[in-house]
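Just so you know, the sequences run in chain order A and B.
Just so we're aligned: 157 in UniProt numbering is position 157 of the first sequence, and the numbers increase by one with no gaps anywhere.
Just so we're aligned: 112 in UniProt numbering is position 112 of the second sequence, and the numbers increase by one with no gaps anywhere.
Because the hints were derived from the structure by calculation, they are not lab data.
Glycine is no exception: its CB is placed at the ideal position from the N, C-alpha and C atoms.
Treat the hints with care, since some could be wrong.
The list that follows gives simulated cross-link-like pairs (lysine to aspartate or glutamate, EDC-like), each with its CA atoms no further than 20 angstroms apart [unchecked claim]:
#	chain 1	residue 1	chain 2	residue 2
1	A	Lys160	A	Glu109
2	B	Lys321	A	Glu294
3	B	Lys341	B	Asp302
4	B	Lys75	A	Glu294
5	A	Lys321	B	Glu71
To be clear about the criterion: a stretch of chain A counts as covered by chain B if any three or more of its residues have a C-beta under 8 angstroms from a C-beta of chain B, and this derived list gives those stretches [what the hints assert, rightly or not]:
#	region
6	41 to 47
7	292 to 305
Under 10 angstroms between C-beta atoms, here's a sample of chain B residues computed to sit facing chain A [stated by the list, open to error]:
#	residue
8	Pro152
9	Arg317
10	Leu330
Number of protein chains: 2
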Amino acid sequence: MFDFELLKESKKTEARLTKITTSHGSIETPIFMPVGTQATVKAMSSRELKEINSQIILANTYHLYLRPGDELIKKAGGLHDFMSWDLPILTDSGGFQVFSLSDMREIKEEGVYFRSHLDGSKHFISPEKSMQIQKNLGSDIVMAFDECPPYPAEKSYVEKSLNRTLRWAERSKKEMENSEQALFGIIQGGVYPELRKKSVKEMTKLNFPGYSIGGVSVGEPKEEIYKILDYTTPIMPKDKPRYLMGVGTPEDLLEGVYYGIDMFDCVMPTRIARHGQVFTAEGRLTVRNATYAEDFNPLDPDCDCYVCQNYSRAYIRHLIKRNEILGVRLTSYHNLYFMLKFSEKIRKAIKEDSFLDFREEFYQKYKLK
Amino acid sequence: MFDFELLKESKKTEARLTKITTSHGSIETPIFMPVGTQATVKAMSSRELKEINSQIILANTYHLYLRPGDELIKKAGGLHDFMSWDLPILTDSGGFQVFSLSDMREIKEEGVYFRSHLDGSKHFISPEKSMQIQKNLGSDIVMAFDECPPYPAEKSYVEKSLNRTLRWAERSKKEMENSEQALFGIIQGGVYPELRKKSVKEMTKLNFPGYSIGGVSVGEPKEEIYKILDYTTPIMPKDKPRYLMGVGTPEDLLEGVYYGIDMFDCVMPTRIARHGQVFTAEGRLTVRNATYAEDFNPLDPDCDCYVCQNYSRAYIRHLIKRNEILGVRLTSYHNLYFMLKFSEKIRKAIKEDSFLDFREEFYQKYKLK
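Using the sequences provided together with the hints, build the complete structure.
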């Protein structure tokens, strides 16, 4: 099952409050989705993810197809059972990862031939194959198989690729007929306004239950993403969820929401955590640095998470310097908590018609990198 | 504060049930103590340690002295505050680690000169210094500074070393005068019965609140340890706790308890966990092996821990093969739970006068490696 409710629209911005219902429960948006690439959100257990109020997590089709294999996950009863997560799961189509392999893949009309980044073995993923994998995974929200052009890319190439993505979306839809899983179409078009417009126009004709904005976070400057949103989201259907793929710093969330995005995902919070860097209300802090060797304050004095209530910067720095697993566990937990709490604050601000004030207060305190 | 109660003695063996009280709470023995070498039990959070009923944990003086430094830990309010653990902590004296450095250290009557295994820097630890470090750490139970001879070692060397350990025990005691921390004397003597006897006789004259058996788990066959216990524990004071240092497989616990040991510690449960190996009621299982790729059973079908209630062998194998932190978290959690639950079962068996039956049943099911 899949249901979408538009609960509230902001008056001065495109920001909106929505509720998405799947067979594994409901999601309130705007929401940040932690990424569990290999059927695990790095360093986190499923009950910790629930404790920090993760409403939905993401998993990667490409990685799970290669290892441990989608057939194995199907035997386990699907991804929910396999990883012990009973709330919603969204899977990508594998397209983004396959296209990132650059010289190890060949794109044809029928699909993409590529070699595994793990062992060089040969593989083929088509729109149909991507849907079959995602069916085996049993995620609640699945993505159509798209081509994600690099940045920068010639307009003519982006247009050709966009047209193929449309044909692939139709094939994805056909393969997903009669499925309980909700298939999202992906808007492409690079940094070209008329191509994004064309993509929205043609993709929405297929009447998907939701739409993603793809082809971002591929190396372009942040301003380009915001520009794309500025001319793309207003023409997207209001009565469908909007998901900005692979984007999700705190400032990205604020800007995305401002332009009307509902869903975000990014590996960044757990990736920087592994390098000893954490979010605070004042900006990012590299707790690994010698400055914090004798700092007995919590990571973020404004934070009420389990980590900030129990551990100090000095202790976490010690753990990270000594390569102790608990160090990365604590920074990962805190960073994801920060993002989910931040999503919650954004929802509250929209509810109370104070989103613009909230955004301004954030920038006054949070030092951008 | 420190208090010891002998609650029950087994009739047919030396096994006993005791209660040790420290200023951070009470411990029921026989007990396995998880090892938190660098102020963290590897891969575990403090609340997980509580959840699996860890009554007391161990930390290493040598490692903490080097990094992050005992002075820093003192500033943090001691080890309990630093690592967010409010139950009892036992620290070793640093002796074992220093003597393991072999060619990087020189033993003199005043103490040991050595080079750090981390950066080669020069250091000196004496009995007084070891006590000062342990005071800074603020552990509840501290160990006297001893010399731990290697195995094999000539009797004449072991005797010389034993005498030095006695002189160092006196100096340790003097340095710890007026401390709230409970100082344990360490019984040495290698594999020589009369030296062990001499050590017990002389060490108990110093009237420590507890005694450890050291100089084991240094490369000798298991049978040697059990022989040592057979002739050593019966002559140790009944009204003091007995701690067998660095020993702690399931079978070691059973045999140690049989011979009258109360406390055990070992890095083994977390170390094998990092290599994808776990305890089950039937013996050790290497979940990393291909055999378990599609095995959707829990690690140990007889186990009621969080891991076994929620995750399968196939999933944990996948995580470990992919070097995902959660994999090691789950195997570590399960192995420590196994050891603590096993300690609890041993206590119950002693209470119910069925320890010998319990021991026999264990060996019938558990395949030794």
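Going through the hints against the structure:
no., hint, verdict
1, Lys160(A) / Glu109(A), "holds (11 angstroms)"
2, Lys321(B) / Glu294(A), "violated (37 angstroms)"
3, Lys341(B) / Asp302(B), "holds (12 angstroms)"
4, Lys75(B) / Glu294(A), "holds (8 angstroms)"
5, Lys321(A) / Glu71(B), "holds (17 angstroms)"
6, 41 to 47, "holds (count 6)"
7, 292 to 305, "holds (count 3)"
8, Pro152, "violated (33 angstroms)"
9, Arg317, "holds (8 angstroms)"
10, Leu330, "holds (8 angstroms)"
Against the hints set out earlier in the document, violations occur for numbers 2 and 8.
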